[in-house]
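Visitor: Sequence:
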Amino acid sequence: MSQRIALTVQGVAIEVLPGMRPYDWERTPDDAVACKVDGRVVDLKRPLEQAGTVEFLTFDDDEGRRVFRHSSAHLLAQAVKRLWPKARLGTGPALEDGFYYDIWLPEPLQESDLERIARTMAEIVSEDLPIERVELDRDQALALFSERDEPFKMEIIRRLPETATISTYRQGDFIDLCTGPHLPSTGRIRAFRLTSISGAYWRGEETNPMMTRIYGTSFPEPGQLEQFFERQEEAKRRDHRKLGRDLDLVSFLDDAPGFPAWHPKGQQLYRVLEGFSRDLQQRNGYQEVSTPWIYRVGLWQQSGHWDHYRDNMFVIDRDDQLMGLKPMNCPGHCLLFGAKTRSYRDLPLRLAEYSPLSRYERSGTLHGLFRVRGFHQDDAHLFVGEEQIGAEMERVLELVDIVYRAFGMSYDVVLSTRPDDYLGDLALWEKAEAELESVLQQSRLKYRVNPGDGAFYGPKLDFHVIDALGRRWQCATVQLDFQLPVQFDLTYTDPEGKLRRPVIIHRAIMGSIERFLGILIEHYAGAFPLWLAPEQVRVIPITDGQAAYAAAIDGALRERGMRSTVDSSNQKLGYKVRTAQLAKIPIMLVVGGRDEAQGTVSVRSREAGDRGPQSWPDYLEELVSLAAVPLA
RNA sequence: GCUGACGUAGCUUAAUUGGCAGAGCAGCUGAUUUGUAAUCAGCAGGUUGUCGGUUCAAGUCCGACCGUCAGCUCCA
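Each residue of the first sequence is one higher than the one before, counting from 0 in numbering that gives the first Met the number 0.
Hints are computed from structural coordinates only; laboratory data are not their basis.
Just to be clear, a hint being listed does not mean it is correct.
[Stated by the list, open to error] Under the rule of at most 27 angstroms between Cα atoms (straight-line distance), these lysine-lysine pairs were calculated in the DSSO-like manner: (1) 571 - 583; (2) 339 - 241; (3) 264 - 583; (4) 264 - 571; (5) 430 - 445; (6) 339 - 497; (7) 264 - 497; (8) 264 - 235; (9) 575 - 241.
[Said to hold, decoys possible] Across the chosen pairs, the derived CB separations fall in these ranges: (10) 30 - 311: 24 to 34 angstroms; (11) 105 - 363: 20 to 30 angstroms; (12) 105 - 291: 37 to 47 angstroms; (13) 311 - 430: 49 to 59 angstroms; (14) 366 - 451: 20 to 30 angstroms; (15) 623 - 315: 22 to 32 angstroms; (16) 621 - 9: 53 to 63 angstroms; (17) 10 - 134: 24 to 34 angstroms; (18) 363 - 241: 14 to 24 angstroms.
As the structure is a prediction and not an experimental result, all values here were calculated from the model.
From the three backbone atoms N, C-alpha and C, an ideal C-beta is built for every residue, glycine too.
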């Protein structure tokens with residue numbers, strides 16, 4: 000005598016018998032991978048017992064994709080167990096664009112084994128094994144995985160709360176400990192590829208046994224897999240380490256790991272980027288300073304870096320004194336602020352600095368321009384009164400927007416709030432967080448909140464830019480700091496003549512300029528827009544009869560601040576065009592006898608190709624305005 | 001730092017089981033004077049990452065170190 004229950008499925012109200020599984024429902028879409036019942040992601044085979052809402056998830060939803068990838072990891076593990084019955088399972092989660100499984104194996108795996116594993120996976124897919132959830136209590140679960148000789152799984156179970164219901168998933172003879180959810184059957188995973196293997200410690204600890212980590216990715220349709228790898232290839236083509244070398248921008252010397260060596264073109268690019276930031280900040284009330292880069296250890300003790308950041312600092316021992324190279328500018332700026340009495344009339348005081356910073360990064364973490372040991376930031380510290388936080392943050396947000404828009408990049412924001420181990424006044428924290436949130440709301444930016452992820456000294460905003468390939472990079476960070484002013488006993492006099500404590504806003508927009516340049520190289524695939532390009536124009540005389548004319552054109556360009564060269568090599572036009580094209584120079588000005596006679600230049604643009612002759616002095620003006628820095 | 005792979009000319013790369021380090025591009029010289037993605041010829045370029053070992057003989061095998069790459073870890 001069962002009562003029907005009321006469900007809202009994809010917005011449609013229906014009534015069904017309790018115990019109905021979305022999997023059995025005739026209107027469930029074929030491409031559904033899981034569903035959301037009252038906001039919780041569950042298996043399509045989970046029986047519905049009470050009224051609620053049901054939404055279907057497909058591969059196109061983030062959560063659906065995770066389910067799909069997670070089931071793919073199980074598929075991988077099952078194949079490995081078939082091939083190596085002695086394999087012991089670790090964990091196998093979904094990743095942003097794939098999955099992995101950590102497995103202990105009696106002998107190391109070779110890359111060539113991946114093909115065998117993939118073949119076995121394909122067999123399991125074609126068997127289309129149903130995937131079933133089975134819930135156990137703790138003792139049953141321990142007994143099961145003890146019998147199956149899975150010590151890592153037993154360790155996981157032992158770490159779970161005593162009373163926890165433990166879920167397992169089964170497909171054929173394969174059983175895994177897993178909270179799920181999962182696909183209904185293995186046949187859904189129609190396209191997958193194993194990509195690499197590497198070592199990884201059990202639970203990430205160096206003292207634990209080394210597992211073999213097998214990486215792969217998977218999709219519902221083979222076409223999507225192809226597309227994914229085309230994208231990977233494109234990313235590889237854009238790799239800034241390769242482009243940096245091919246375009247003669249930057250290199251890395253074996254004798255200075257982690258410190259980029261900028262070649263003339265790279266340095267030019269760097270200077271344009273830094274100049275862009277400098278001009279922008281100057282217009283916005285920032286004052287540039289340059290503070291020492293080596294301080295006695297006492298300063299670092301006062302700032303707290305010695306306790307929290309020492310392992311990442313380069314330390315020098317001279318004359319029985321320890322000195323540290325600065326990893327950040329904040330202490331220097333605090334010293335400047337504190338060097339004289341400050342009044343509320345000085346606030347907000349915006350100190351900007353571009354000096355070199357050094358951080359000791361562990362050797363294995365170095366990565367081209369993305370992770371270096373020596374770099375510069377478009378750094379600034381804003382000393383503000385508590386009541387100025389909101390307005391000042393608004394100004395910062397505007398600057399961030401100008402910078403990223405200049406590169407045609409969109410971005411989103413994460414607000415990280417008070418962690419458990421916060422320092423300072425709770426009321427101030429709450430007020431500041433509320434203000435940050437209201438500024439974000441007014442800005443109509445896309446943002447999300449990451450509760451408890453702020454620094455111990457204040458809440459922060461992290462900005463993620465999205466590049467031409469849709470990849471996200473964390474660049475700007477804006478952090479409120481209630482602690483450092485205390486550390487340095489910073490004060491200012493308010494209108495009533497009372498001493499008050501300022502708040503510091505740490506902010507960088509590009510972040511590390513080196514890293515940002517790396518991102519830009521990949522974003523533009525080395526084809527920089529005119530205003531950024533290290534070599535903006537190449538003048539190409541067709542024969543050496545036009546040498547003087549070409550030199551005059553080049554000279555006029557330089558006179559107007561354009562970065563131009565002449566290709567006077569003894570080559571045919573086609574060769575010179577090709578060379579300039581490969582060097583990704585935005586504008587080529589071909590000058591032949593006809594041009595010289597008629598006072599024209601034949602314009603070729605990197606993107607649009609031959610654009611025909613243009614009359615010369617006019618085109619110079621056009622070029623100059625095209626090359627303007629996008630400051631507003 | 002840890003695990004694994006790799007390191008040959010500026011770049012891309014070749015070199016049977018250990019047996020004379022070879023090419024293309026770039027560079028230089030000469031010829032060619034050319035109208036929108038590669039003109040021809042010649043020349044030069046190497047202590048095969050470094051140091052040590054095995055061997056009649058090492059780019060190749062072994063060890064240590066340095067660096068790079070893929071991950072791990074780290075990133076107040």
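Visitor: Taking the hints in turn, state whether each one holds.
Guide: For each hint, the structure was consulted:
no.: 1; hint: 571 - 583; verdict: holds (19 angstroms)
no.: 2; hint: 339 - 241; verdict: violated (49 angstroms)
no.: 3; hint: 264 - 583; verdict: holds (12 angstroms)
no.: 4; hint: 264 - 571; verdict: holds (25 angstroms)
no.: 5; hint: 430 - 445; verdict: holds (21 angstroms)
no.: 6; hint: 339 - 497; verdict: holds (16 angstroms)
no.: 7; hint: 264 - 497; verdict: violated (53 angstroms)
no.: 8; hint: 264 - 235; verdict: holds (22 angstroms)
no.: 9; hint: 575 - 241; verdict: holds (23 angstroms)
no.: 10; hint: 30 - 311: 24 to 34 angstroms; verdict: violated (47 angstroms)
no.: 11; hint: 105 - 363: 20 to 30 angstroms; verdict: holds (27 angstroms)
no.: 12; hint: 105 - 291: 37 to 47 angstroms; verdict: violated (57 angstroms)
no.: 13; hint: 311 - 430: 49 to 59 angstroms; verdict: violated (32 angstroms)
no.: 14; hint: 366 - 451: 20 to 30 angstroms; verdict: holds (29 angstroms)
no.: 15; hint: 623 - 315: 22 to 32 angstroms; verdict: violated (47 angstroms)
no.: 16; hint: 621 - 9: 53 to 63 angstroms; verdict: holds (55 angstroms)
no.: 17; hint: 10 - 134: 24 to 34 angstroms; verdict: holds (30 angstroms)
no.: 18; hint: 363 - 241: 14 to 24 angstroms; verdict: holds (21 angstroms)
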